[in-house]
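Undergrad: Turn these sequences into a full structure, and let the hints guide you.
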Amino acid sequence: MESNDLEEEEFGFSRNYFLAKELCSSSKKSARKVSDINLVDEQELREAYAKLEFKHEKEINNLVNSYQKSYAEWVFMLRCGFGLLMYGFGSKKVLIEDFASTALTDYSVVVINGYLQSVNLKQVTVTLAELLMEQLKTQRKLDNHPKNQQPLNTQSMDELISFLDGPHLEGGDSFVCVVVNNIDGPALRDSESQQYLARLAACSHILMVASTDHVNAPLLWNKKMVHTEFNWYWYHVPTYAPYKVEGIFFPPILAHSGSAQTVKTASIVLQSLTPNAQKVFKVVADHQLANPDGEGMPLNNLYTVCRERFLVSSQITLNAHLTEFKDHELVKTRRNSDGEDCLYIPLTSDALQKLVHEINQ
Amino acid sequence: MAPSADPETSPSISTTNSDLQPFFLLHKAASRKPSSKTRRRIDLSPKPSDASAQEYNDNLPFDTFKLLWSNTQSIIKDVLKNLNTTVFDGIDKWVHASFDAIRASRTPDFTTATSMYPIPNNVPIGAQIFTALLFTKNVESVDDISTFADLGAHLRSNGCLVANLTSIDFSAKNGVGGCLKTLLRQFLLAGIDAPEMSILASWYYEQENYDKPLIVIIDDVERCNSSVLNDFILMLREWVIKVPIILVLGVATSVDALRNILCSSACLYLSVCEFNLGTPAERMDAVIETVLLRSCQGFNIGKHVSAFLRNYFLRHDGTLTLFVKALRISTAQQVFSEPLSFVLRKLVNEEGTEGLNGDNNLLREPAIKRALELPSLQRFCETRGNCIDWVSALSELKRLHQLWSSLVMCLYEVGRYRKISLLDLYCEMLKLKPQNFCANDLNLVEKDYATAVHNYQSPGCLQDNGYVGRAFQMLGDFSAMELCKILDRWEMLTRGIAEIHEKVKELQSQMTLEEKQLRHDLRKESKKPTARTYKKDWTSKSTLNEKVASFLQSMFREYIQTIESIPLHEIIFFDNVDNLHTALIGDPRRRIQADLLESRKFLKCSCCSKNDGVLVPSMHHTSIMYTLVQEHGDLVNVHEWFHSFMAVISNPPLQSKKKLRMSPSPKKRKDSKEARTKTDASIQAEFCRAVTELQITGLLRMPTKRRPDYVQRVGFGL
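From first to last, the protein sequence lines are chains R and X.
So for the first sequence, the UniProt record's numbering puts the first residue at 1; every next one is plus one.
So for the second sequence, the UniProt record's numbering puts the first residue at 1; every next one is plus one.
Since the hints were made in silico from the structure, they are not lab data.
Note that the Cβ used here is the ideal one computed from N, Cα and C, for glycine as well.
With a straight-line Cα cutoff of 30 Å, these simulated BS3-like cross-link-like pairs (lysine-lysine) come out:
1) R:58 with R:69
2) R:122 with X:28
3) R:122 with X:181
4) R:33 with X:705
5) R:326 with X:705
6) X:81 with X:66
7) X:604 with R:69
8) X:601 with R:55
9) R:69 with X:66
10) X:705 with R:332
11) X:601 with R:244
Here are the in silico distance ranges between beta carbons for each label pair:
12) X:85 with R:62: 57 to 67 Å
13) X:82 with R:326: 53 to 63 Å
14) X:606 with R:271: 36 to 46 Å
15) R:192 with X:644: 35 to 45 Å
16) X:644 with R:70: 31 to 41 Å
17) X:28 with R:358: 24 to 34 Å
18) R:289 with X:705: 25 to 35 Å
19) R:295 with X:174: 36 to 46 Å
20) R:295 with X:617: 43 to 53 Å
21) R:138 with X:391: 42 to 52 Å
Selected chain X positions facing chain R (Cβ under 10 Å, derived; list incomplete):
22) 582
23) 585
24) 588
25) 592
26) 642
27) 691
TA: Structure (structure tokens):
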């Protein structure tokens, strides 16, 4: 790493940036529109999208298989106390899950799908603590713990983490391994989630393997998290495998600006939400199906109904659900003639019926 | 995709049920036996091609790492602790003095002390909260985490009650209740749902805690939410009589920081005393001295790695934490990739090198084979061939390494006077070649000196002979007093190394003798000071300096060898800078773009690799798309992009073009037209998928309402 090279690199980067900027301003801005493309029908597009094959299947398989020789090294680094962070282009889900199921059989493995919106780290931590408890019990090393302890799922996050961070007892280590697909995924992108993940990774009984896809993923962490808590060991493992599940929630760019929700994506989003959230959604859907020509369900009515059915306990929880719906464009608001905010689902009655049928299954 | 998986079968990428669960249990731990089959398969030793590698004990590399690293870690911990001892002692003294002052001026009577409320009306106007500001001189708080933990432990051991808080506890979200909660949890060792100061007050009076000072340490006060911190201080002030808390605040910048965060009234409530920690550079030097030079415990870093870490420390990161992590990664990589690394254990273990020649691990075939390959071990091969004299190789290694380290330390003692850091000196010493030690090179000519000074002013440039040469030249400028001090230090540093120690002592005695002589002469001629006296004084001083300088030079010539000539240097000096760099820093921004632009390199397919640099339809589509993006400015018109993409992927290979031209039957044309409309949907779908993939990697920003026909580029060039 000669100093000249470094300077050249930095200079090169800024030069590229300004060249790109210049290119943009000097050449006449092309005014051609997306709509000028001879777009096929959206339904057809989505069908084609679902049927897409991927090229170089054989080469991708060879590439992914070639990483198997590194499994021994990965396990070694994991045991040395590092967290493994896999990056590079292509979905790494298959790769790291295969690694976990062939090379980490000595440890219990929990997989977190960070590309989903609805990851609840508290639940994950409870599961981890339960697994560890079970492991310790089978090894009969839990004698010093009080037997009639508070059940794990009622303990606070701090208590759970301090349990997972307990000292290792003599005669073998007990670890639970956490595999995080897309640690930079939408549900985990906030700093609080990352703090919790970092604290989890720092626990003495936890091993962590994670994958990241975003080029700016390191911005999620400060130095304390990177070097002392996660203690990342970076591995560059491009797979070129298609981002099939990871990309499921991204609307295709050519599908009429992505506004029209289809039943398929809506039901996938709904299935990833909590049962209560699903029920709240159904209240709105039922109302809309009962009054197909109405302007939607007034917010106050929704709150009253949900409270009566014990779906929410306060306006705040209801708002949390609604924000989630609105983010995914499952529900929209408009004012009715009385000036009330009304909620409606931007789907036709047929589509809505189909959706309700699907989530009831 | 088990090890025996057929490469032809595709990995299961269909969306299964578990893919849509936020989290799931993949499998539970298998029943564990130390010698289970799975374990053996996983812990393959690093050369799987070698069948006999299996015979290695599975846990050997891991145990080696554990031993080496726990050793290094404890050394580093001790160094940092010792470095701060004086500051900690100072704080401790101040704490007790402050506590006595509090006790002397304001002791509540029993009835007010046990009431539920603070005594706000009775707070004397001048009553202040005693506050120590501990300047960390380091914007990166990560290095100071352990410092504050050590401080807490130090104060606790001296009879204080301590709570360690950080800026996370002072977040706007949790408010002042959040930090009070942490405070109570740390003091009372129990979780409390409704935190109140009165709980703390009653706890403080109930037990034997009453006679102990209550300390609250806040690591990084600049990062705290200012309103929460203000509230906290105002609250403490209300309770100042009943709960006399003493604050220790870690400050990265200057005393002004406090004024910026706190309102003026809160500032007035603090009675401030200042303390200073060492700079990161000082800590770095201390760690290098003990870990890499003094301990001689085996593992070390080579010239490329040390130069890389030095540059990274000075130019990018500036934290000791990264350096320590780099050491840890280096140790792990070395232990894993070097089959002979278990020899390092012998250097750390107290058992020493005894019985080494008969060690089972060393008698195994691969170990011997590897050892015979090492050029640095050739001298120790016995004539019969397959046998190596390990004991003498290791003792030679220890001897040379000790000589090397102590001479570097001697030079550092000189450089210290002009603020040359050990880090610079160490990196340069690793690079030195034996021919550099001749006298002419070490005494730099004027010009070289000027460039050396220039380099010193712009940190980050490492030049041959810069720091070492400068240190040697300095020897000429020292006064007799300074020389004496340096010799004393040398005498201490070289203890246990017979070759040098004797000569240093000799030099010392000469020094004292000549000094006496000098003083005697001076006294004699003091009555009539002439120009001659001065001249004599000057010449005798310079001869002394010359003597010391020539002594050090001769030592260097005689005992310093290049790293490459030290036996077993391949095992001891880790120097794979590329591996370390990728493991330590990653650099996804550059690598992911490179993956996309150079997909052929990784996929190694026969179809695309022929046409180098030309876009062919068979390439990975996302890769084609990203290559096309490079031709645009920072905004990419989606329409144009789509058309160029379509042009690339529907561009038929030359052969089929010919065929089409040869048989222009109307029927076929119709067919191709049909095929065309069929592919329209699929091309658009391909385009959408590629855009989505680029969106996942974060290289693109999607169209917005303001610019519906454009995507924005995020990455620019490699």
